[in-house]
Amino acid sequence: MVASLARRFGDLDIAEEAAGDAFLAAAERWPIDGQPANPGGWLMTTATRRAIDRLRRENVRDQRHRAAAMITHQPDPVGIVEDDQLRLIFTCCHPALAPEARTALTLRLVAGLTVPEIARAFLIPETTLAQRITRAKSKIRAAAIPLRVPEREDLANRLADVLAVIYLIFNEGYLPGEPGHADLAAEGVRLARLMRGLMPTDGEVAGLLALMLLTESRRGSRYGTSGELVTLADQGRGGWDHALIAEGHALVRERLASGLSPGVYQLQAAINAVHTDAGDARDTDWSQVVALYDQLYALQPTPVVALNRAVAIAEMDGPEVALAIVEPLDLVGYHSWHVTRADLLRRLGRSREARAAYARAIELAVNPGEIAYLTRRLGELVG
Amino acid sequence: MTQYLLSVYDRPGDRERPLETMQPLFEAVDRFNAKLQAEGHWVFAGGLADQSTATVVEAKGGDVVVTDGPFLETKEYLGGFWIIEAADLDVALGLAKEGAIACTNPVEVRPFMAEDELPVE
Numbered sequence: 024m025v026a027s028l029a030r031r032f033g034d035l036d037i038a039e040e041a042a043g044d045a046f047l048a049a050a051e052r053w054p055i056d057g058q059p060a061n062p063g064g065w066l067m068t069t070a071t072r073r074a075i076d077r078l079r080r081e082n083v084r085d086q087r088h089r090a091a092a093m094i095t096h097q098p099d100p101v102g103i104v105e106d107d108q109l110r111l112i113f114t115c116c117h118p119a120l121a122p123e124a125r126t127a128l129t130l131r132l133v134a135g136l137t138v139p140e141i142a143r144a145f146l147i148p149e150t151t152l153a154q155r156i157t158r159a160k161s162k163i164r165a166a167a168i169p170l171r172v173p174e175r176e177d178l179a180n181r182l183a184d185v186l187a188v189i190y191l192i193f194n195e196g197y198l199p200g201e202p203g204h205a206d207l208a209a210e211g212v213r214l215a216r217l218m219r220g221l222m223p224t225d226g227e228v229a230g231l232l233a234l235m236l237l238t239e240s241r242r243g244s245r246y247g248t249s250g251e252l253v254t255l256a257d258q259g260r261g262g263w264d265h266a267l268i269a270e271g272h273a274l275v276r277e278r279l280a281s282g283l284s285p286g287v288y289q290l291q292a293a294i295n296a297v298h299t300d301a302g303d304a305r306d307t308d309w310s311q312v313v314a315l316y317d318q319l320y321a322l323q324p325t326p327v328v329a330l331n332r333a334v335a336i337a338e339m340d341g342p343e344v345a346l347a348i349v350e351p352l353d354l355v356g357y358h359s360w361h362v363t364r365a366d367l368l369r370r371l372g373r374s375r376e377a378r379a380a381y382a383r384a385i386e387l388a389v390n391p392g393e394i395a396y397l398t399r400r401l402g403e404l405v406g
Numbered sequence: 012m013t014q015y016l017l018s019v020y021d022r023p024g025d026r027e028r029p030l031e032t033m034q035p036l037f038e039a040v041d042r043f044n045a046k047l048q049a050e051g052h053w054v055f056a057g058g059l060a061d062q063s064t065a066t067v068v069e070a071k072g073g074d075v076v077v078t079d080g081p082f083l084e085t086k087e088y089l090g091g092f093w094i095i096e097a098a099d100l101d102v103a104l105g106l107a108k109e110g111a112i113a114c115t116n117p118v119e120v121r122p123f124m125a126e127d128e129l130p131v132e
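Going down the list, the sequences are from chains A and B.
Here the first sequence stands for residues 24 to 406, where the numbers follow the numbering used here.
Here the second sequence stands for residues 12 to 132, where the numbers follow the numbering used here.
Treat the hints with care, as some may be off.
If you only want the chain B side, here are some residues facing chain A, beta carbon under 10 Å, derived [unchecked claim]: (1) Gly24; (2) Arg26; (3) Leu36; (4) Asp99; (5) Val102; (6) Pro117; (7) Met124.
Everything labelled a hint here was simulated from the structure, so no lab data went into it.
Glycine included, each C-beta is placed from N, C-alpha and C at the ideal position.
Work the whole structure out from these sequences, hints included.
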């Protein structure tokens, strides 16, 4: 709704506020009047009226003409990108905005995430993120960055950012156990499918879609009946969605057959393909996983990739080798670093250190299912 | 419509280039200026004399001090500018690209502050 209002009114703040106003009005009116026959249409009409009211109030001076023009003009032609949300993503990824502002703005406006949620996804303080978003919005307004249909050439230029944003949206839906956020994973998949339709020959678009499908295929197996997290190794493979796996594998095979060197999403999809290929966790081809992580690390030498690579190395070369890689990584604020350390220390029988690492991981974790899993692991430590 | 300042930054040595290398640039800039005028983007433009010709006037306490030289001692400095009017930043950036190609120097695009964006107490 925000995306569609932004397209109509060309102003992000007005779109956001009008959508908020409409939901508020619904919360007040519907319990009294009953739910309208077409709730989506009702919300959209109400939001449009609120936006027009707001524009009228705000544009009392020289902007009056501009406002009048916006109200009476037909909406822009939709152009290459027909989906409002996808189009808003491309707008938020304008090259005149700082790269870190582009993703933050998209997550706020398109995915509707809150500032604390986005700050957590980026591992940065909330105040920094709030400033980033405010600065980006005021640049859009002051420099008149248009909320318009991207040109064909913009698609290629802004692709990397757009894919990064779609993946973050998906992850936000997939990772924490916040209610209402499961939809974000589906939204991520939907946007990736739209991108695939838009750019069917792009390898990274195919790679990202495959990565999401293969990740999504395991959703149903990630939590036990008690709500506790189940790690990949312990997941019942019968519970995986084999239709999604087949679709993901087909995409990975298509990319392999192209013979072109893979980008980061294609490599991550390939890693997931190896995992979902094994009939049992013990049959996982770890050397293949490590080789793919080596390639990924060459393209993206970040501590988080190094950490994930170390997890695979632990399976192949043992926990001691892996721990030597993990220890020096600069990730003390990242809960997965503590989880990995805890597990490696436990396997090495270094219980006292493992206990401290589990405790720190529990402090930093936000997902109740993961906290339950880590707490059980901590309790099982002997010595 | 938004007004934008397109600042052209000169780099060390730019001003010492011989006339025969500068002539095609002048011609390209003239063509670009003509286009701005023909398409209704033109507000004002000008090239500045060398920065060694600058003088700074500054009010300090009750005094006004006049000193020789530019205010900022930097390697890159403002060499000239265009003031244009454009529908949005994409249009302004498109024009700035043409300007940057014509004058062969970096061009900074910055919107003028709108009346309704002046800070209010």
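Results of checking the hints against the structure:
no. : hint   : result
1   : Gly24  : violated, 29 Å
2   : Arg26  : violated, 30 Å
3   : Leu36  : violated, 26 Å
4   : Asp99  : holds, 4 Å
5   : Val102 : holds, 8 Å
6   : Pro117 : violated, 15 Å
7   : Met124 : holds, 7 Å
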